[in-house]
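Here is how the chains run, residue by residue.
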Amino acid sequence: MSETDFDVQGFARDINELLVLSTLRQDAKHGYQIALDIEGDSNGLVRFRHGTLYPILHRLESDGLISGRWSRDGGRRRKVYGLTASGRRHLTGETSRIERTVEQLLGVLRHPGEAPA
Amino acid sequence: MKTPSEQRPFLTTLRTLEARLALPLPHRTRLLRELEFDLEEFRHTLVLGGVDAVEAGDRAIQTLVPEGGALAALEAMYQPAYRRWTGRWSDRRVRMLERSGFTLAVTLLLLVGAGALARADLFGDPSTFLLPVLALGAAAHALALWKGFELWVRADHQRPERGLGALLGLCILVLFTGIGGALLDAWMLAARIEADPASAELLAIRAFSRTAGLLATTFVLALSAGLAWFLLRHWVALAAGAHRDTLGHHSSPSRTGVMS
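Residue numbers (my numbering), protein chains in the order written: chain A, 723 to 839; chain B, 1270 to 1529.
Isolated chain A (complex conformation) (with noise of 0.2 Å):
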């Protein structure tokens, strides 16, 4: 997403991905973890509904971000995901990109009709 070019689904979007890249950034996590650990942490503030997690999960996946892995236990298969490096670069990147957009959305919502400097 350019900065110049603001897209308000985009924008959610990212966040989402942000999120689950920001929570695995300790552990490996299964997919109900992440869902979990992000409403947990953010005080039920951000609730995934209806799997939307799935179509995230899966193309962070396949963009190299996070890597899938699947285990056995007793019968039965897992899949647990975890950051590759290529996601942590991505977190950081992106992070900062969120709050320079972030900022300058704050500075229109508190200051509306000044440029920003």
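The hints are simulated quantities; they were obtained by calculation from the structure and are not laboratory data. For glycine and all other residues, C-beta sits at the position ideal for the given N, C-alpha and C. Certain hints may be false.
FRET-style restraints, in silico, Cβ to Cβ [as the list claims (entries may be wrong)]: (1) B/Arg1364 / A/Gly835: 57 to 67 Å; (2) A/Arg791 / B/Leu1507: 12 to 22 Å; (3) B/Asp1425 / A/Ser789: 47 to 57 Å; (4) B/Ser1359 / A/Ser793: 38 to 48 Å; (5) B/Arg1328 / A/Ile737: 38 to 48 Å; (6) A/Glu836 / B/Leu1366: 52 to 62 Å; (7) B/Ser1493 / A/Val768: 48 to 58 Å.
Reference excerpt, derived from the structure (chain A facing chain B, CB under 7 Å, subset only) [said to hold, decoys possible]: (8) Lys751; (9) Tyr754; (10) Ala757; (11) Gly766; (12) Phe770; (13) His772; (14) Gly773; (15) Thr774; (16) Tyr776; (17) Pro777; (18) His780; (19) Arg799; (20) Arg800.
Dumping the calculated EDC-like pairs for lysine to aspartate or glutamate here, alpha-carbon to alpha-carbon at most 20 Å [said to hold, decoys possible]: (21) A/Lys801 / A/Asp759; (22) A/Lys801 / B/Glu1287; (23) A/Lys801 / A/Glu783; (24) A/Lys801 / B/Asp1514; (25) A/Lys751 / B/Glu1309; (26) A/Lys751 / A/Asp785; (27) A/Lys751 / A/Glu761; (28) A/Lys801 / B/Glu1309; (29) A/Lys801 / B/Glu1310; (30) A/Lys751 / B/Glu1310.
With chain A fixed as given, assemble chain B onto it according to the hints.
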């Protein structure tokens, strides 16, 4: 001992979702497996936190089971390259292109095969049964080619096992026709030698050449089509078997025809 519904409490949810999930078979199975584990663990975590089991199950479904936009996003993500490429055209045009491409591929296959046979000088004095063997072999290879295209290029997995029985049947028919033809040729040779014992040596040499050509062609065609059948059957058995297990269908076919 736990009942099946206690062991796999989200099976009905998975089966309902499966009917709406238009993903190629291996991706569909993997997503359903991942989802089932997550649903169970999500519910378990909520129950440990003091939430009622039924409410926890409902929340797990509401949070994790893909609906509308999520389903569409997953379908777009796993859409085979071929479908993305042909998506801009009407179904009628795609079908026409597929048929034309298939006809072209089979024609090329036949030309290459005919060239190889001509170089081996099998058409000089062929057995009567060579043509039926070639026709059946060509049909078997054309079917194998189409099935491979359907499973691996178009990723149409609604009925993955469809056509595999016919392919095996054609392989067997090639063998029966070739071997039966060789036996009949031998029987006819015996009758000719009986009628004209003076030419026995010449007749035997010609018959040997014909029979060798017929049997070699039979075995090459039957084996290569049989190998194609084995690979296709193996892939389908693995993919459909895993899918059946995921949905808890151990013998009965799926409502959507996936396992039929």
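Evaluated hints:
1. B/Arg1364 / A/Gly835: 57 to 67 Å: This hint holds: roughly 60 Å between Cβ atoms.
2. A/Arg791 / B/Leu1507: 12 to 22 Å: 20 Å, holds
3. B/Asp1425 / A/Ser789: 47 to 57 Å: Check failed, 30 Å falls outside 47 to 57 Å.
4. B/Ser1359 / A/Ser793: 38 to 48 Å: 45 Å, holds
5. B/Arg1328 / A/Ile737: 38 to 48 Å: Roughly 23 Å apart at Cβ, these two residues miss the hinted range, so it is violated.
6. A/Glu836 / B/Leu1366: 52 to 62 Å: 59 Å, holds
7. B/Ser1493 / A/Val768: 48 to 58 Å: The hint (48 to 58 Å, Cβ to Cβ) holds, given that B/Ser1493 and A/Val768 are roughly 57 Å apart.
8. Lys751: Where the cut-off is 7 Å and the nearest Cβ of chain B is about 11 Å from A/Lys751, the hint is violated.
9. Tyr754: Constraint on A/Tyr754 satisfied, holds at 4 Å.
10. Ala757: Constraint on A/Ala757 satisfied, holds at 6 Å.
11. Gly766: This interface hint is violated because 12 Å lies over the 7 Å limit.
12. Phe770: At about 6 Å, which falls below the 7 Å cut-off, the nearest Cβ of chain B leaves the hint on A/Phe770 intact, so it holds.
13. His772: This interface hint holds because 4 Å falls under the 7 Å limit.
14. Gly773: 3 Å, holds
15. Thr774: 5 Å, holds
16. Tyr776: Cβ of A/Tyr776 sits 6 Å from chain B, so the hint holds.
17. Pro777: 4 Å, holds
18. His780: 6 Å, holds
19. Arg799: 5 Å, holds
20. Arg800: With Cβ-Cβ at 5 Å, under 7 Å, it holds.
21. A/Lys801 / A/Asp759: 17 Å, holds
22. A/Lys801 / B/Glu1287: 19 Å, holds
23. A/Lys801 / A/Glu783: The given pair, whose Cα atoms are some 12 Å apart, holds under the 20 Å limit.
24. A/Lys801 / B/Asp1514: 17 Å, holds
25. A/Lys751 / B/Glu1309: 15 Å, holds
26. A/Lys751 / A/Asp785: At roughly 18 Å apart (the allowed maximum being 20 Å), A/Asp785 and A/Lys751 satisfy the hint.
27. A/Lys751 / A/Glu761: 14 Å, holds
28. A/Lys801 / B/Glu1309: 13 Å, holds
29. A/Lys801 / B/Glu1310: Holds - the C-alpha atoms of B/Glu1310 and A/Lys801 are around 12 Å apart, at most 20 Å.
30. A/Lys751 / B/Glu1310: 12 Å, holds
Checked against the numbered hints given earlier, this structure breaks hints 3, 5, 8, 11; the rest are met.
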